[in-house]
Amino acid sequence: MRPFRVATPQAALDDLRARLASTRWPAPVPDTGWSRGVPQPYLQELADYWREEFDWRATEARVNAFPQFVATVDGADIHFLHVRSPEPGAMPLLLTHGWPGSFLEFLDVLGPLSDPRSHGGDPADAFHVVVPSLPGFGYSGPLTRHGWSVERVAGVWAALMASLGYDRYVPQGGDLGAFVSLLLGATDSEHVVGTHVNFLLTPPEEPDPKAAEGLGYMAVQTTRPQTLGYGLTDSPVGQLAWITEKFLEWTGADKAPEEAVDRDALLAGVTLYWLTGTAGSSAHFYYDNAAFLPTSAAPPRPLPPVPGPLGVAVYPHDIARPERRLAEAAFPDLAHWNELARGGHFAALEEPGLFTDDLRAFLRTLRAR
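Note that this note's numbering has the sequence shown beginning at 1, numbered continuously upward.
Hints may contain errors.
Straight-line Cα separation of at most 20 Å, EDC-like style, residue types lysine to aspartate or glutamate; simulated pairs [stated by the list, open to error]:
id	residue 1	residue 2
1	Lys255	Asp77
2	Lys246	Glu258
3	Lys246	Asp262
4	Lys255	Asp14
5	Lys255	Glu213
6	Lys246	Glu45
7	Lys255	Glu245
8	Lys246	Glu259
9	Lys246	Glu213
10	Lys255	Glu45
11	Lys255	Asp234
With beta-carbon atoms standing in for the labels, derived distance ranges [claimed, not checked]:
id	residue 1	residue 2	range
12	Val220	Asp31	19 to 29 Å
13	Pro299	Met1	15 to 25 Å
14	Glu258	Val220	31 to 41 Å
No lab work stands behind these hints, which were simulated from the structure alone. What you are looking at is a predicted structure, and each value in this text was computed from that prediction instead of being measured. Just so you know, even glycine gets a beta-carbon here, dropped at the ideal spot from N, CA and C.
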């Protein structure tokens, strides 16, 4: 385990701007809105902003204000933030992102979660916060070997928490991070106090054609991640489009992702994927976990039961919303269920206040037990 700081070579940023300036755009097509993908006029304007105005150095400085480390576990270098609370009784909290997210989406909640006293909250609600990057994502990648199942990641996360001296902790996650968190609740139950997710799949009684329409990205990433990786790793505009589309479809935005997420925050995430060259390795994570995902090949493989308390936050604009009665049938100790008024798939980034309040409420439920 060794300290880490983000320090991007200027040459990498210059190369990004040069590639953006020399983008080869497809021929203009009639305006179809977002029905066939990201509209070209919108993407061209966003790419211009990325090249001319976005400040990656500001993101670097913000990230480097938090303690960061890289730990070599199970043959992989895992990057993580570790923000210890000043409150001696704080509960350790393990936050896991998904795709196309990253550790960056939690930056707004690190202060309020770890030091509520300084943010107008109750010090009894404090957490020690650990935020790792999934293998093959961000500074935990790119990888040269595959086979990173969510079970394997859960084992690495359990080892990481133990190495940090945490005997009891709460795993929390959304998207792919929810799968990892649920597996931790099942396989490391001796140390997991309670599990919290803001994404939970409960199969609907009737398939939703609109939801199926948006799963093209999953069909590609679970079957041909290597082929996809070439284009996204070589073209920043391709990487931008591939990610930006999801920030419209999976949030409460109607006409542009910026209705739900700050433009600079969106571009920070895209830039992280670009600079670390992890478009391909993050897609391979889907391939390695296709059995758990709702692809057309077969029904998703069920996760093992979680014996301890489970908390679920349901954000109205998420890609999928769980049904409570099905969740109660699958998880006998459903201790916390919160249907929120705003927010979508990137909960901590879209609604940091609601995200923080919900986790604090779950912590109070656990302590009341």
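Outcome of range test on Cβ distance (Pro299, Met1; 15 to 25 Å): violated (40 Å)
Lys246 paired with Glu258 [C-alpha distance capped at 20 Å]: holds (12 Å)
20 Å limit on alpha-carbon distance, applied to hinted pair Lys255 and Asp234: It is violated: about 28 Å lies between the C-alpha atoms, which goes past 20 Å.
Pair hint Lys255 and Asp14, alpha-carbon separation not exceeding 20 Å: violated (31 Å)
20 Å limit on alpha-carbon distance, applied to hinted pair Lys255 and Glu45: holds (14 Å)
20 Å Cα cutoff - pair Lys255, Glu213: holds (18 Å)
Proposed proximity, Glu45 with Lys246 (alpha carbon, max 20 Å): It holds: about 18 Å lies between the C-alpha atoms, which stays within 20 Å.
Restraint check for Lys246 with Asp262, where alpha carbons must lie at most 20 Å apart: With Cα atoms ~14 Å apart, Lys246 and Asp262 stay inside 20 Å; holds.
Hinted pair Lys246 and Glu259, Cα distance within 20 Å: holds (13 Å)
Pairwise hint evaluation, Glu213 against Lys246, where the allowed Cα distance is 20 Å at most: holds (13 Å)
Lys255 paired with Glu245 [C-alpha distance capped at 20 Å]: holds (11 Å)
C-beta pair Glu258, Val220: status relative to the range 31 to 41 Å that was hinted: violated (26 Å)
Hint check: violations occur at hints 1, 4, 11, 13, 14; the rest are consistent with the structure.
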